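S.K.: The primary structure of each chain is shown beneath.
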Amino acid sequence: MNGYIDSHQHFWQLSRGDYDWLDNSPERIRKDFLPDHLRPILTDAEVIGTVLVQAAPTEAETSFLLELAERTEFVAGVVGWMPLDAEDAADKIDRLAENPWFKGVRPMIQDIADDEWMLKPELDAPLKRLIRHGLCFDALVKPWHLPNLLRLLKRYPKLRSVVNHGAKPDIASGAFDDWSRDIAAIANETGAFCKLSGLLTEAGFAAGISELKPYVEHLLECFGPERLMWGSDWPVLLLAGDYRGWLSMVKEFTSRLGEPDKSSIMGGNCAKFYRLESRRTDRRLLRLHPQDNILVCCQSLAKAERISVEGVRVELPTTVETGHKIASSAISKGEKVIKYGVPIGTARVDILLADHVHLHNLKSDYVASHHRGGKRATGTRA
Amino acid sequence: MKGWLRKDGRKGIRNVVLVAYLVECAHHVARAIVTNADATEVQLIGFPGCFPNDYALKVMASVCTHPNVGGVVLVSLGCEGFDRETLAECVRGSGRHLETLVIQQSGGTRRTIDLGSAAVAEIRTKLSSPDCEIDIPDLVVGTVCGGSDGTSGITANPAVGHCFDQLIAEGATCIFEETGELIGCENVMMARARTPELALEIESSLTKAANYYSILGFGSFAPGNADGGLTTQEEKSMGAYCKSGSSQIDGLIKPGDVPDKGGLYLLDVVPDGEPRFGFPNISDNAEIVELIACGAHIILFTTGRGSVVGSAISPVIKICANPETFAMLSADMDINAGEVLLGDKTPQDIGEDIHRQVVAVARGDETCSEALGHQEFILTYKTFEPIGPACLPRR
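Residue numbers (my numbering), protein chains in the order written: chain A, 1 to 382; chain B, 383 to 777.
Treat the hints as calculated values from the structure; they're not laboratory data. Just so it is clear, the structure is predicted and the values come from calculations on it, not from any experiment.
Distance windows between CB atoms, simulated:
no. : chain 1 : residue 1 : chain 2 : residue 2 : range
1   : B       : Pro512    : A       : Ile112    : 57 to 63 Å
2   : A       : Asp114    : B       : Ser628    : 51 to 57 Å
3   : B       : Pro605    : A       : Arg348    : 18 to 24 Å
4   : A       : Pro317    : B       : Ala573    : 33 to 39 Å
5   : B       : Phe659    : A       : Arg348    : 40 to 46 Å
6   : B       : Gly746    : A       : Ala184    : 47 to 53 Å
7   : A       : Arg275    : B       : Leu598    : 47 to 53 Å
8   : A       : Asp36     : B       : Arg687    : 48 to 54 Å
9   : A       : Pro83     : B       : Pro605    : 48 to 54 Å
10  : B       : Thr417    : A       : Ala86     : 55 to 61 Å
11  : B       : Val741    : A       : Glu305    : 40 to 46 Å
Cβ coordinates follow ideal geometry from the N, Cα and C atoms, glycine included.
Please model the complete structure; the sequences and the hints are all you need to start from.
M.R.: Below you can see the structure in the form of C-alpha cells.
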C-alpha cells in the first residue's frame, strides 16, 4: 500500500446548526472544518484516503457528509447517523445502502442516557439490515458500556463492528483495570475491530507516549495487528495535539511490528473493514473483466453526473445510456478497446477517462471472413 | 445426487417416457397417447417430415437414447420415409423399454391410441427408481440464448460463463453453440482451442456460418444493436460468446455427437453444404434439441426479452438478463441476472447462483418451465458431414 488511510475524521460547518455538543467545546474546534482544511494536512502526512464519520445526530448531517464525499477526492467512505431505533429504520438503511459512499452507521451511544439502549428490541431489524447490506456499525462507547456492547455483539456475530477510540479509557485519571478487562473480552469473544484513535484526547493536553503506552499496548495485544486501525479523530484531535504529532506517536507505538502488520494498521484493515476497495468504482458501472479499459453503464447516467472510476472522481462529459460504455482509463488513438478481456476494436481518436466509447471513437477490426479471400466457405473439413 | 445408470455408462437425472411420432401424420395419435397418460414424465417428441433425412434420424436416435430417457414408444404411420427399424434397433440396443406402433398395421387412430396408452402404462410400471450416485463430472450442461437484448451480454451471459468455468473445473462437460452469433470472435476462440488443428476447424465453422447467414440475407450487426450500446461486430459476438467462459475449448461437435467426458465443446449447428433447408435453426428449441442430442442433461437458457420455453427430456434453467423482464415474468425465470444492473451482485455472484441451481435441478428440483409444463420439441431437416479427426483431439 502506498500511503495511509485515516479510519476516522470529521467535518463540520457550524452554520448547519446541529452540532449541540460543540457549543460547550473549546474555541479551538468551535469553527468550520471542511475538506479544504484537511487536504494539505493529508498531503503532508502521506494520507491518501479517509473515512468521514458523523458528528451530529441528524439525518441532515449524514446527507451533508455524503455530498461532501461525492465531491471530495480523498474521502473513501462515510459513517453516518440515522435513527436506529425508529420504526422505519430498516427502510432508511435500505435507502442509505444505495449510496456507494455510505459504509456504516454510528449511533452516539456515549451521549444516550440509557446504557442499555443498544440492547433494545427495536434495534433488531435495523441491525439485521446492516448485516444484510454488509454495512458497518461504529460503536461510540465509554468503558462502562463495554459489558452491554459485548452482549450486543455476541447476539449479532455477523455484524461488522468497530469500537471507536478504544472505548475512550479515562487515561487522564489513570483508570485501567476495568477497561482493560472489558475491552479484552470484546476482542477475545467477538470479531470486532478497534480504532486506534481518540486516545490523546482522553489523556489530556500534556500527555505523551509514556501516558498512552500501556493503553495502546493493551489494544495491540488484544486486537492484534489484524483488527486495529489507525484514525486521527481530526479535528477533535486538535484539543490535545495535531495530525502529524498523533501520526508519529502511532508510528512509534507500532515501530516494533513488521511491515505487513504496520501496513494493516495504517490502512489495510480500514480498507478491508469498510470494504473501501470494492466500491471505489461506482456500482452504477460494471467492469466485466479485470483487463478491460471500458466500463458498462448499469443505468443511464446524465451529463455532468459525478462518477467514481477506481477512486478517481470525474464528471461525465456526456449522457450515457444503459448498456453503453465509458473509458475506464485514457485510450490513445490506435490502441485496442478491451471488453470481456479481449479487443473489440481500435480507438479512432484519443479517448479520455469517462468518455463515451461508441461508433464515433471506436472502429471494428473485423474483416468478414468471406471477404478475406481464398477460403472455401462450405464444409468444416479444411 | 441420485440418478439412473444406463447401459452405455451415462447417468440420467430424469427418467422420462418418450412418445415419438415419426411423421406429422402420426402426430395426433402420439399426442393423444401422451394426453391419456397425463403425467409429466410422459413426453411428446417427433419429426414431421415424410422424406428421409440422416440428420433427423441421428438426432432422434440420440434423444431417444438420452440418459434422461427410460422408455420409448415409437408411433409410425407406416409409409413415411423415416427409418423406423434402425431407430427401434438403436433404442432396443440401448437397453431401454420400447414399443413400436404402426398405425396402418394397428387398426387406425383409435386402436393405436389404445395400444399406445397401454404400452406407456406398461413401460411406466417397469421404470426403475434412481439406482446410482451422480456427481458433477457425470453432467453435460448446454447453453443457449434467446430473446436477447442489450442486457444479455453484460449480465446473464457472463454469469453463465463463470458457471461454465466452475463446472468444467469440477469435471463436468459443457457445450455452447450459435456459431452464427460468434462471428468476429474467431481469433479469441482459436486461441482457446486445445490444438492448432482444432483451431482451424473452429475457424472453418465460423467461416461457414458467416457465409450461410450472408446468403440468407442476414448480417449479424443491426442498427438496433448500436442503440443498445454495442459498437462493433466483435463486441456483439463477445456478448454471446462469453457464455462459454474462459476454459480451454476441447472439441468441435455437431448435433448428435456426444462429447468426450469433461471439458468445453463448441456445437456447430450450421448445416454443411449450400443452404438447402432454410434457416439453420428456426427457433430456440431447435438448438435446445440439438444440445440434448449431444447428451445435455440441463440447458442454461439466457434471455433478455423473456422467453418462457422449456423442453422435453432435459430441464431448462432460465436466466433472465433484464431486471424489468424479470419483474414481468418472474414465475418463468429461475435466475434473476438483472441484479447485476442494480449493483447488488456481480456476474460471478450470479454464476454461483446458477451453479447452485444446476446442482439442485440435477438432484431433482423442478425448474420453472418444468413446473409450468413446458415440454417443447422441434426437429426439422438439415445436412451435416461427419466431424473431422481434428475436432476431438482427445479421442
